[in-house]
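Colleague: Single-letter residue listing:
There are 4 protein chains.
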Amino acid sequence: MRTPDQYKASLRDGRRVFYRGQVVEDVTAHPVLGIAVEHAALDYAMPHDPAFRELAVSAHGWSRYFDLPASTEDLLARSRLIEAGTRQGKTVVLLVKEIGSDALFGLLALAPKLGPEVAGRVRALYERCRDEDLAMAVAQTDVKGDRSLSPSQQADPDLYLRVVERRSDGIVVRGAKIHTSVSVNANELIVLPTRAMTEADADYALAFATPLNAPGLSMVASPYLGTVHEHAAEHPLSGSHKMIETLTMFDDVFVPWERVFLCGEWQLAGELARGFVEIHRFTAISYKLPLVDALVGCGLLAARVNGLERAGHVRDKLSWLIAYAETLRALTQHAATRCKLVNGVAVPDTLVVNIAKLQFAQGLHTAMQYVQDIAGGLLVTYPASEDLEHPEYGAAIRKYLAGAGGTDGAERLRIMQLISDLTAGEYAGYHTTLAIHAEGSIEAEKLTILAQYPREEAIGYARWLAGLPPR
Amino acid sequence: MRTPDQYKASLRDGRRVFYRGQVVEDVTAHPVLGIAVEHAALDYAMPHDPAFRELAVSAHGWSRYFDLPASTEDLLARSRLIEAGTRQGKTVVLLVKEIGSDALFGLLALAPKLGPEVAGRVRALYERCRDEDLAMAVAQTDVKGDRSLSPSQQADPDLYLRVVERRSDGIVVRGAKIHTSVSVNANELIVLPTRAMTEADADYALAFATPLNAPGLSMVASPYLGTVHEHAAEHPLSGSHKMIETLTMFDDVFVPWERVFLCGEWQLAGELARGFVEIHRFTAISYKLPLVDALVGCGLLAARVNGLERAGHVRDKLSWLIAYAETLRALTQHAATRCKLVNGVAVPDTLVVNIAKLQFAQGLHTAMQYVQDIAGGLLVTYPASEDLEHPEYGAAIRKYLAGAGGTDGAERLRIMQLISDLTAGEYAGYHTTLAIHAEGSIEAEKLTILAQYPREEAIGYARWLAGLPPR
Amino acid sequence: MRTPDQYKASLRDGRRVFYRGQVVEDVTAHPVLGIAVEHAALDYAMPHDPAFRELAVSAHGWSRYFDLPASTEDLLARSRLIEAGTRQGKTVVLLVKEIGSDALFGLLALAPKLGPEVAGRVRALYERCRDEDLAMAVAQTDVKGDRSLSPSQQADPDLYLRVVERRSDGIVVRGAKIHTSVSVNANELIVLPTRAMTEADADYALAFATPLNAPGLSMVASPYLGTVHEHAAEHPLSGSHKMIETLTMFDDVFVPWERVFLCGEWQLAGELARGFVEIHRFTAISYKLPLVDALVGCGLLAARVNGLERAGHVRDKLSWLIAYAETLRALTQHAATRCKLVNGVAVPDTLVVNIAKLQFAQGLHTAMQYVQDIAGGLLVTYPASEDLEHPEYGAAIRKYLAGAGGTDGAERLRIMQLISDLTAGEYAGYHTTLAIHAEGSIEAEKLTILAQYPREEAIGYARWLAGLPPR
Amino acid sequence: MRTPDQYKASLRDGRRVFYRGQVVEDVTAHPVLGIAVEHAALDYAMPHDPAFRELAVSAHGWSRYFDLPASTEDLLARSRLIEAGTRQGKTVVLLVKEIGSDALFGLLALAPKLGPEVAGRVRALYERCRDEDLAMAVAQTDVKGDRSLSPSQQADPDLYLRVVERRSDGIVVRGAKIHTSVSVNANELIVLPTRAMTEADADYALAFATPLNAPGLSMVASPYLGTVHEHAAEHPLSGSHKMIETLTMFDDVFVPWERVFLCGEWQLAGELARGFVEIHRFTAISYKLPLVDALVGCGLLAARVNGLERAGHVRDKLSWLIAYAETLRALTQHAATRCKLVNGVAVPDTLVVNIAKLQFAQGLHTAMQYVQDIAGGLLVTYPASEDLEHPEYGAAIRKYLAGAGGTDGAERLRIMQLISDLTAGEYAGYHTTLAIHAEGSIEAEKLTILAQYPREEAIGYARWLAGLPPR
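Protein chains in written order, with our numbering: chain A, 1 to 471; chain B, 1 to 471; chain C, 1 to 471; chain D, 1 to 471.
There may be inaccurate statements among the hints.
Where chains are identical, the list cannot tell them apart; a pair therefore holds if satisfied intra-copy or between any two copies.
Unchecked claim - List of simulated lysine to any residue pairs, SDA-like, C-alpha gap at most 20 Å:
(1) Lys-446 to Gln-359
(2) Lys-399 to Arg-147
(3) Lys-340 to Leu-68
(4) Lys-446 to Arg-195
(5) Lys-113 to Arg-195
(6) Lys-446 to Glu-309
(7) Lys-340 to Pro-112
(8) Lys-399 to Ser-152
(9) Lys-113 to Ala-124
(10) Lys-399 to Asp-146
(11) Lys-446 to Arg-310
(12) Lys-399 to Ala-155
(13) Lys-399 to Gly-377
(14) Lys-446 to Gly-312
(15) Lys-399 to Arg-174
(16) Lys-340 to Leu-450
(17) Lys-399 to Ser-148
(18) Lys-113 to Trp-257
(19) Lys-446 to Ala-311
I should point out that these hints are in silico values taken from the structure, not numbers from a laboratory.
Looking at chain A on its own, in the form it has when it is part of the complex:
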């Protein structure tokens, strides 16, 4: 298995990355992107760390992320690994192995329907990623233009990624994907369709893999959360941990056939899109656990340092936060308990996973509201860490910010900065937005819940209660 250094070296491959209108020569050396690289490198450090080795390394010697889950126990172990990694990342998911293995499992589960040749290509990709211990990104969401229109109905045909040429040795694709996480610091990009397609959209039914330095491929990194490291002390989480999302543009990129998994088979686009998402949502609810635990912990800690542990409304909010976090944990584990095998891949219960994701997403803003309530206005009016050091008035700040139970002002300031980072600043907005839109939107989760539930059975029960015959 690769070391962090080997991983970093692999990223210096001539990839075309832009940041704030500038070319990035070396992502590992960039002041902002470099933080994302260091963060992702934790996924390469854990297998070499005795504290995590057992969890992070497969019995086969490769990363456990590449172990195909075949049972509840496998899923629970995978979930624990994701959770442990995200805790190492201080509530920021590492993702460079998580999301790619989700995509590989999704492709493997669909393989029988793809035909033997394509199934072989999938298998080959899986083995190469596994054996070379690659970092992977997944590009799924298209830019979409007018969301009320299908791909082929858009004013500009390139608003969903499409095949523009089929050649004997491969295909040429054009278009752009958006919200592509960890693309600047992955080795392999797996591209999947974003939705079900009709026959008219056949050219948009595309799935393939490509190296990130492929000619014509360029990535424009988002500057969001790009300045917090300048004052890292005020951002105990986001100041030194981050993911980078890109607008990923394909300017007639060539993909050889051995890396193409779907090209025109519009009937399978929806199933592949959902297949990946359903597996990936289990990763998502696993990596949200360190976040919701942090909200609970911060609520409890703020109550303590503010002297509010006995206040009725504070206890009410704390019990709500605990119920919120532990419901998510229980649903995550229960989804693993109720998994089912699809072509050898243990897929967590789709209904429970989506309910977990929905409960998380619907409650996160309220959770942040409650923690802000307990913490107080200092979240947005705190003095700077530099002020603590000032020879003239630093001591006064320590004195005046002192909290309950002998909490020193410097400690209280640090706690308030943590909670500000978690619930008020850019990092909070990153999480609230991701809660709604990442790994499928809230609305998509509702549709899945409705689709997965045994509705006719429930209607039959209601009819029986009414004394009506089955229908």
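Let chain A serve as the given structure and place chains B, C and D on it in line with the hints.
Modeller: Then chains B, C and D, alone, in the frame of chain A:
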């Protein structure tokens, strides 16, 4: 195991029951109480019904309700049995074995702390109930007077049940319990303390068992839900299924020592009260499942007969209802998965059970609101079932109440009456009130959640995130 | 102005009313319908009561309900009158003048578009109702069948009320209306379209007035809330106050042209439907005030008798209840403040009225949940009032139900029965269902809010904030 | 009236201000604080701008902010002025006249209780501020230490501001205030007590005014929101508009008696604290209106550019947002309508103001959640504005970010940056935190609502409904 007839016969024992200011000579023959007897008798019919025998009968030949749960599997089987019984009762729990066995398990789990002699009494009670297949009620909630005062602080010393005389052969108790379910149709009444006590309240630290025809014991049955059977067609659920609650008065009732489990040991009152409640809440969340399933089923059915299955807001509400119901189911099963053994009794995870109960209670009013929304105003303006039969205009009613997909007016009327019973009438109010107050109130659940959660661990995590040392 | 007795006498006119499959010979003498008559008669008693005369009687000597509102002050006075009447009705609206005058105002406001002849018919109806001090009902909601289909698309053409014959002297109509309130005890029935129509639905674009004893017209009264008077002591509100809703069937009813306001003019159907509803919703939010006040008062009273006034969670719920009730009151008054004149009729601000209605409807279930929470389980387990009188145990009940601050058990029982009536039994379900569906559904209110808001102006503001030019 | 330049010049007075551990020599020239100065200067520009002159200038020739409101109309005009100023400030309140005049009105309303001499001092301060057109800050919130303890119970006696010496010519004060808005760019600081005091806390019952360059007074500015101007294009609101909050430390500051309003009169501390806050909350709800309007406008605009205007769930969220914003507007105006005179000052209805503030605070997180939902993930993954200008790929970004209805990619990017600033980044966190804690916390508002409501009247109504006599 007893038959329904044997069970009914056992209730004609001279017990002192009042209903609307009248003495009830025979509860089995009373027009209202008799319905509760028939309903509870389902708990005695199921073991003799091939469809339920395996679930309802223990390997030892007694009712499975008396099997001490020793594992996750035992708890899941018990939960399934409770759920099946409640479905037979059309969303009304049967309870005459459920609640009593919960109390017995709570006493058995506490037995080591009660001393060998009392432990023997507990064991004897358990074996007698089990071997004689008795129906049991539990009286826990005192009338309480001013709830801001402790038992000994009340204006009237009898506002909590207390011992007024200790004799060589037993004790004499005075006071009253309230909200005592199934007491009019049980064989044995198990009396437990309602809360933790201080030394000043030692006379109130009482636990014992008594037959329901004990001299001085009288029960005043609540008339709530006492008229719906007069128009049973309009109340497909509550018209023929019911529980009876009583104000249970102890006018210097004598209890021999061999039936006394606590008398003055105030230090144990709280633990016994909680011990029972924690086990009983698992029963509670199990028997809520047929109710929440009914809400989902009714929502789906109403959408169908009203022609609203494609409406956006209806789909939104349906997905909410499903998430609500299935979260409760998942948490219930997960609580069994995470059980722990206490003196040989598998106790479901207290934190998860309380979160389940809280989520149920906090969402029930909204669930009813959504089902009402999908169903329509007919819930409270429907014509009578008798109107359907009228030679002159009955056919017109059928015609005008017709729904989507060829639903006949009579069928639609029946469905609306079901949903009215479930969400609008007295039975709905029964459930919404029980959700808040039964098996411990919402506020008690919040306190338990706060108490059970590993708070110091969570605070330690938050401090680590802040870069602060453990404290 | 008529007296209650004159009003009652006017109802013995041969109208065809059915209740539970039986013909009702005289609605004033019927055990259930008679309660509704007595209740509505309060609208005829108030003008003769010195306490209400100034509010209830117009300067012109007729009922103030017939005063065309022409200003904010007029609307506020009308609102106060509706509120006072509903308080007299113990939270049940009187309605026999309220709803009909709303319909008359809606017709008068639309008169210029109806043409001079029809405008004259409207004026004549208004003057007759006013001068003869008539009780009026309004039939608007059709039975609708499959709600995803328009009137002309239904499987049965009669599922919306329609004209089946146009004669020289009038028209013949067939079909049925549902949820028609106070029809059994009104003198005049005003029939309005329920929705906008297309040309294909022209035969369904109908508005007219008819006496309630017209040949072919029959009313089937709902039995909902039809038994509570049998135990009136347990239902302090609904036991002696009620409205009756009917399924109102038109079996080829003849309507002379001088009473027809719309017949085929499909372009005006939507405007008339909305015009009435918008005015009527102001009546609705006015008559909800005594209900929400009752919820606040009951919450406060329950907290007091239970000794819970200092409990943190109780204070939290009480402040929520107050904010809920007073927001509704403020919005109601503000809607009057921002009224605008339409053809001489002061129409309350539509946006504010709909927001008020929506806030009421969205919060009512929660309000009931909170009051139930403060009140306790006695809401559904209380003993009967008859028990209080029993020579043997009546005193014991008084003793054991005693509350805080010296509250006697009989008083506490009465309070619990009030709150049970208000939040748990059939009457509670009546209100929760009406909140969602009456006077236009929640979903209709949302659409109106969206339609009434100055959206382009808001978008322009957002663009300006973004630094973008107007578009 | 002063010009912006005169205002700015007045701030160069030797005040002691620190930012990030550095002395700030001239706040008007500081890269961060200077933005706050420019922003506040809008309050000095509006009177000279023909578009605002009528609203901003009193009939007496001074700033309308100094007009003592004596009627509903005065309050509505004041509210409109605050709203107009905040709109000019792109949803950031200007505050340098708003908050100080609130404090002056609060002091004037209390003047009769302060005695004639102190009343004269208050009057003198008011006239000087008015005639010299001063910018004012108010320091109210103490640092508080352990919030469960009163001022005199704290471990360190300085954790609430206190008098340490009474001299013949004045007093000497020590301690610190926190969350002091606009102090770095005001001329006069008005200091008020933060809560009711007991006799033991008499030394903490302090109110006075002081110039901001008083010896011993120092201000430590918060760095929160201190970097957004570096990328102003990504922060259309906060990039060029801001307030500064300080930790305001009093190191034995001398205050002459003619500027002291309270010193030891502990009985009046609570009334003065509340008196100011109640008036100031009306300012608060007025200046929240441009914020909630922006949320509605952004929701509508995002729906349009994303092509989502017809989606059911989007329309649902939009109607919620409108109801949220317009309820706040209606309550604000209604509070003015129901004002009452206190010593010549029209004080808006306290109950309605607090309900408005509570409704705003409780809904803001949800409002942001809904706008984020409609806007999409771009809020936190957008490319940089600099990318648009890049010769190589700028055009591609325009192409790929194109939205519905011909929206250009650059325009869509700008809109997403606006919404990100408003709902996701530091500025969003500033508003969500202020909603909970500024101008009195949510919990304080609940207590006020409970205190202001006519509770006995409501209980009397409930008793009457129950048929019980008054008590």
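Colleague: Does each hint fit the structure? Answer for all of them.
Modeller: Each hint, compared with the structure:
Proximity of Lys-446 and Gln-359 under a CA criterion of 20 Å is satisfied in both settings, with 11 Å inside one chain copy and 19 Å between copies. Taking the shortest alpha-carbon separations for Lys-399 and Arg-147, only the inter-copy value of 15 Å comes in at or below 20 Å, while the best intra-copy value is 55 Å. For the identical chains of this complex, Lys-340 and Leu-68 are intra-copy neighbours only, at 13 Å inside a copy versus 31 Å across copies, given an alpha-carbon limit of 20 Å. In this assembly of identical chains, the alpha carbons of Lys-446 and Arg-195 lie at most 20 Å apart only when taken from the same copy (16 Å versus 30 Å across copies).
Taking the shortest alpha-carbon separations for Lys-113 and Arg-195, only the intra-copy value of 17 Å comes in at or below 20 Å, while the best inter-copy value is 50 Å. Proximity of Lys-446 and Glu-309 under a CA criterion of 20 Å is satisfied inter-copy only: 14 Å between copies versus 37 Å inside one chain copy. Proximity of Lys-340 to Pro-112 under the C-alpha cut-off of 20 Å is restricted to the intra-copy arrangement: shortest distance 17 Å within a copy versus 43 Å between copies. Taking the shortest Cα distances, Lys-399 and Ser-152 sit within 20 Å of each other only across copies (16 Å), while inside one copy they are farther apart (65 Å).
With identical chains, the CA atoms of Lys-113 and Ala-124 are at most 20 Å apart within one copy only, with a shortest distance of 17 Å there and 63 Å across copies. Proximity of Lys-399 to Asp-146 under the C-alpha cut-off of 20 Å is restricted to the inter-copy arrangement: shortest distance 13 Å between copies versus 56 Å within a copy. Proximity of Lys-446 and Arg-310 under a CA criterion of 20 Å is satisfied inter-copy only: 14 Å between copies versus 38 Å inside one chain copy. Taking the shortest Cα distances, Lys-399 and Ala-155 sit within 20 Å of each other only across copies (11 Å), while inside one copy they are farther apart (63 Å).
Taking the shortest alpha-carbon separations for Lys-399 and Gly-377, only the intra-copy value of 18 Å comes in at or below 20 Å, while the best inter-copy value is 42 Å. In this homomeric assembly, Lys-446 and Gly-312 come within 20 Å of each other (Cα to Cα) only across copies, at 11 Å, whereas the closest approach inside a single copy is 35 Å. Taking the shortest Cα distances, Lys-399 and Arg-174 sit within 20 Å of each other only across copies (13 Å), while inside one copy they are farther apart (61 Å). For a Cα distance limit of 20 Å, the shortest separation of Lys-340 from Leu-450 inside one copy, 19 Å, qualifies, whereas the shortest one across copies, 35 Å, does not.
With identical chains, the CA atoms of Lys-399 and Ser-148 are at most 20 Å apart between copies only, with a shortest distance of 18 Å across copies and 58 Å within one. Proximity of Lys-113 and Trp-257 under a CA criterion of 20 Å is satisfied intra-copy only: 18 Å inside one chain copy versus 70 Å between copies. Proximity of Lys-446 to Ala-311 under the C-alpha cut-off of 20 Å is restricted to the inter-copy arrangement: shortest distance 14 Å between copies versus 37 Å within a copy.
The structure is consistent with each of the numbered hints, conforming to all of them.
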